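Visitor: With chain A's structure known, arrange chain B on it following the hints.
If you want the building blocks of each chain, they are given just below.
2 protein chains.
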Amino acid sequence: MKPFFEVQTLEAVWQRARDTRPLASETVDLAAAADRTLAHDFAAPHDLPGFVRSTMDGFAVRARDTFGATESQAGYLKLQGEVIMGRVPDFSLDAGSCARIGTGGMLPDGADAVIMVEHTREASRDTIEVSRSVAPGSHVIGAADDAEAGQVLLAAGQRLRPQDVGLLAALGVEEPQVFRKPRAGIISTGDEVVPVDTEPGPGEVRDVNATVLGAQVRSAGGQPMTMGLVPDDEDRLRQTVAKSLEENDLTLLSGGSSMGVRDLTAEIFLSFPGAELLVHGVSVAPGKPFIWVRVGHHHLLGLPGQVTSCLVTFHLFVEPLLERLLGREGTAFTRFGRLDATLTRNIASAAGRELFQRVRVEQTGAGWQAEPVHGRSGLLRSLVQGHGLVRVPLGSEGLDEGSKIEVLLFPGESS
Amino acid sequence: MKPFFEVQTLEAVWQRARDTRPLASETVDLAAAADRTLAHDFAAPHDLPGFVRSTMDGFAVRARDTFGATESQAGYLKLQGEVIMGRVPDFSLDAGSCARIGTGGMLPDGADAVIMVEHTREASRDTIEVSRSVAPGSHVIGAADDAEAGQVLLAAGQRLRPQDVGLLAALGVEEPQVFRKPRAGIISTGDEVVPVDTEPGPGEVRDVNATVLGAQVRSAGGQPMTMGLVPDDEDRLRQTVAKSLEENDLTLLSGGSSMGVRDLTAEIFLSFPGAELLVHGVSVAPGKPFIWVRVGHHHLLGLPGQVTSCLVTFHLFVEPLLERLLGREGTAFTRFGRLDATLTRNIASAAGRELFQRVRVEQTGAGWQAEPVHGRSGLLRSLVQGHGLVRVPLGSEGLDEGSKIEVLLFPGESS
Chain A
-11 MKPFFEVQTL EAVWQRARDT RPLASETVDL AAAADRTLAH DFAAPHDLPG FVRSTMDGFA
49 VRARDTFGAT ESQAGYLKLQ GEVIMGRVPD FSLDAGSCAR IGTGGMLPDG ADAVIMVEHT
109 REASRDTIEV SRSVAPGSHV IGAADDAEAG QVLLAAGQRL RPQDVGLLAA LGVEEPQVFR
169 KPRAGIISTG DEVVPVDTEP GPGEVRDVNA TVLGAQVRSA GGQPMTMGLV PDDEDRLRQT
229 VAKSLEENDL TLLSGGSSMG VRDLTAEIFL SFPGAELLVH GVSVAPGKPF IWVRVGHHHL
289 LGLPGQVTSC LVTFHLFVEP LLERLLGREG TAFTRFGRLD ATLTRNIASA AGRELFQRVR
349 VEQTGAGWQA EPVHGRSGLL RSLVQGHGLV RVPLGSEGLD EGSKIEVLLF PGESS
Chain B
-11 MKPFFEVQTL EAVWQRARDT RPLASETVDL AAAADRTLAH DFAAPHDLPG FVRSTMDGFA
49 VRARDTFGAT ESQAGYLKLQ GEVIMGRVPD FSLDAGSCAR IGTGGMLPDG ADAVIMVEHT
109 REASRDTIEV SRSVAPGSHV IGAADDAEAG QVLLAAGQRL RPQDVGLLAA LGVEEPQVFR
169 KPRAGIISTG DEVVPVDTEP GPGEVRDVNA TVLGAQVRSA GGQPMTMGLV PDDEDRLRQT
229 VAKSLEENDL TLLSGGSSMG VRDLTAEIFL SFPGAELLVH GVSVAPGKPF IWVRVGHHHL
289 LGLPGQVTSC LVTFHLFVEP LLERLLGREG TAFTRFGRLD ATLTRNIASA AGRELFQRVR
349 VEQTGAGWQA EPVHGRSGLL RSLVQGHGLV RVPLGSEGLD EGSKIEVLLF PGESS
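Residue numbers (my numbering), protein chains in the order written: chain A, -11 to 403; chain B, -11 to 403.
These are computed hints drawn from the structure, not numbers from a lab. Keep in mind that a hint or two might mislead.
Identical chains blur together in the list; that is why a pair holds if it fits in one copy or across any two.
Keeping only pairs whose Cα atoms sit at most 20 Å apart, straight-line, the calculated SDA-like set for lysine to any residue is [said to hold, decoys possible]:
1. Lys276 x Val105
2. Lys392 x Ala354
3. Lys276 x Glu106
4. Lys392 x Gly355
5. Lys231 x Gly130
6. Lys66 x Leu225
7. Lys392 x Trp356
8. Lys392 x Arg326
Since the structure is predicted, the reported quantities are computational estimates derived from the model, not experimental observations.
If we strip away everything but chain A, and leave its shape as in the complex, we get (with noise of 0.2 Å):
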């Protein structure tokens, strides 16, 4: 069966990303859940912090008792007591009294505000001398005011910074429930591709894709899977597309060289009962022969094998199927960072398709530069001198040295 090819745009592909399923959720460690996906809006379950707390150190006070002191004419209150850091005061604070309190201290009934101990005095033993008034509220925090018992705080589909993990912390959630990591099964073939810790004899090449998606699935939060390195045999592919169908969530077959196996690619892919072709061809570069079939809720990928393609294209059509998978939105280059740069060289496109260039960056007097990096496909050599990609947009024929670009910078990518 010849399956029909109707190149599509790179838009089309990413709304296809946006319209699929999240996976399940799962729960993790609290100390493992940096950089996870929140599965479920999270609503305080109460209040927080919870009681009246002083921000600073010093005294608590009744600030009616303070109005009015100043430096040249000081108040006096009554030194009531002290508060234990963890522990409720046992006393109430009488009117024109005072009692010390430690930065997180929970103040004691009849108290409203602090005062910073910078503003005051011992002017004996029990009894502090003031130099400010304070307004009631002063250097407090009120019990609801981090947030109101039923406050919606964290959105699902959030991923989780160490500040967001350490506000699950305060309100006690031990074990969030995530999204569960998408398993990608990694199949390389080509005849000429040998294992890395193989020595390639003369016409053969070691087997740098597999290494490349496993780094690419890993980082953008996935769970590679290696299924191995298959020659360009229908029935071996065939067989271990199925095993990863079965183990997996998605599996990434990095189109082995050689003629015929990607043409192949599309066919076995078809083969599965209840296969759906969603992609075949794309119109942009790299990543024009770019495959999507979804078997199920399994989503079979088939991606170039020139690895400079290779890698654009997994940035291009497979990590937003992994953001969606995870829960997110399904957006192409959200671990990018962005440089505005002015482009070195003339690049030229071609109408009818999108370019993503692969450039250099330099910082000079004159601001950021940015440098194409030309280069064949098949080298390594332009991905590693590169620090990441500029869009030429569909139906531009081009960008003129001098321009003002916007540079998609690489994860990883130090600025």
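Guide: This is chain B only, laid out in the frame that chain A set:
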């Protein structure tokens, strides 16, 4: 012993980070090498790809045999054979002949170019019609085009991206040498603080800082080691610090919020033999009370107890040190994205210190807007709601509404 107290500038502290010696190196499996830092310059052990390869499906030719061929005046070549993928061709190409070859195939002796299959036609079983001329070197990768033996491809101190790991794979490096992950002992203090899994009573709060710092250490490339929650007790604090000194490369003690503990921290740090006070106070907000004591190769770091100050202080001071221990330059904010934005409200600062103001960003018709997020530093909310930081330099009294500013986007912030 009362430590001296001379407030230093941010730049002076950063210089100390840069002056620190990196940790030792270790080997890791290639599959775990992404995001680690290379410990030595890496030179190609052999040429890459090591043989002349085709970058297209088509026919290997002697370029001069195609000269003059056009659509209207086709040339004809004898089909001499086929290149088997992964094998050395068992023939030399004769003049006036061609050989079928797939992408990645090895050119036979005599051939110096490839003509794409699209520009050919099978005129007969053993004759190929050629409708275009190709120059020598067309559609081929030379034996050393990706790398020449001995050429330095990756530099020591470089964080490995997926493509860099791919280059190592291509050259057969199964276990690259990378800098060891710094082990960071994390100690929380405070009589009012209870573990996350404990229901806090009135006056108590859960231990947020240990969770946040653990996630920050991990995401910055270190290994967090939980040393426990210690009450405000000098002996127990000293014992826990001593244990961390023995087991880890650095210790993060987020200061108990109660009075006295902050002064105690420096004293305990300085009580160890050979202790050297590097920093005690920095002209920056937040982060002013930061303490850095070196004991041999170990770093004892005292951080503010307030969670928002603690998190920002980590980025300001701990992360550059981690970067440096990992063999990198020791620069702050390398993992932060940058965003140009317009300030929506004034930010007031005080002369004589730098300010890092938390902001929210929002995209509007007039570009990105940055809104200062105020809120007492004990509140998690202002961090959870914030997207990044704006730096107000030393000597400035603030930034005006409408100013064009650069926002440092928190790591993990999606764009």
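Visitor: All hints are to be evaluated individually against the structure, with a verdict given for each.
Guide: So, going through the hints one by one against the coordinates:
| no. | hint | result |
| --- | --- | --- |
| 1 | Lys276 x Val105 | between (68 Å within a copy, 18 Å between copies) |
| 2 | Lys392 x Ala354 | both (12 Å within a copy, 18 Å between copies) |
| 3 | Lys276 x Glu106 | between (68 Å within a copy, 16 Å between copies) |
| 4 | Lys392 x Gly355 | both (11 Å within a copy, 16 Å between copies) |
| 5 | Lys231 x Gly130 | neither (57 Å within a copy, 37 Å between copies) |
| 6 | Lys66 x Leu225 | neither (85 Å within a copy, 34 Å between copies) |
| 7 | Lys392 x Trp356 | both (10 Å within a copy, 18 Å between copies) |
| 8 | Lys392 x Arg326 | both (13 Å within a copy, 17 Å between copies) |
Figure legend: structure checked against the earlier numbered hints; hints not met, in rising order: 5, 6.
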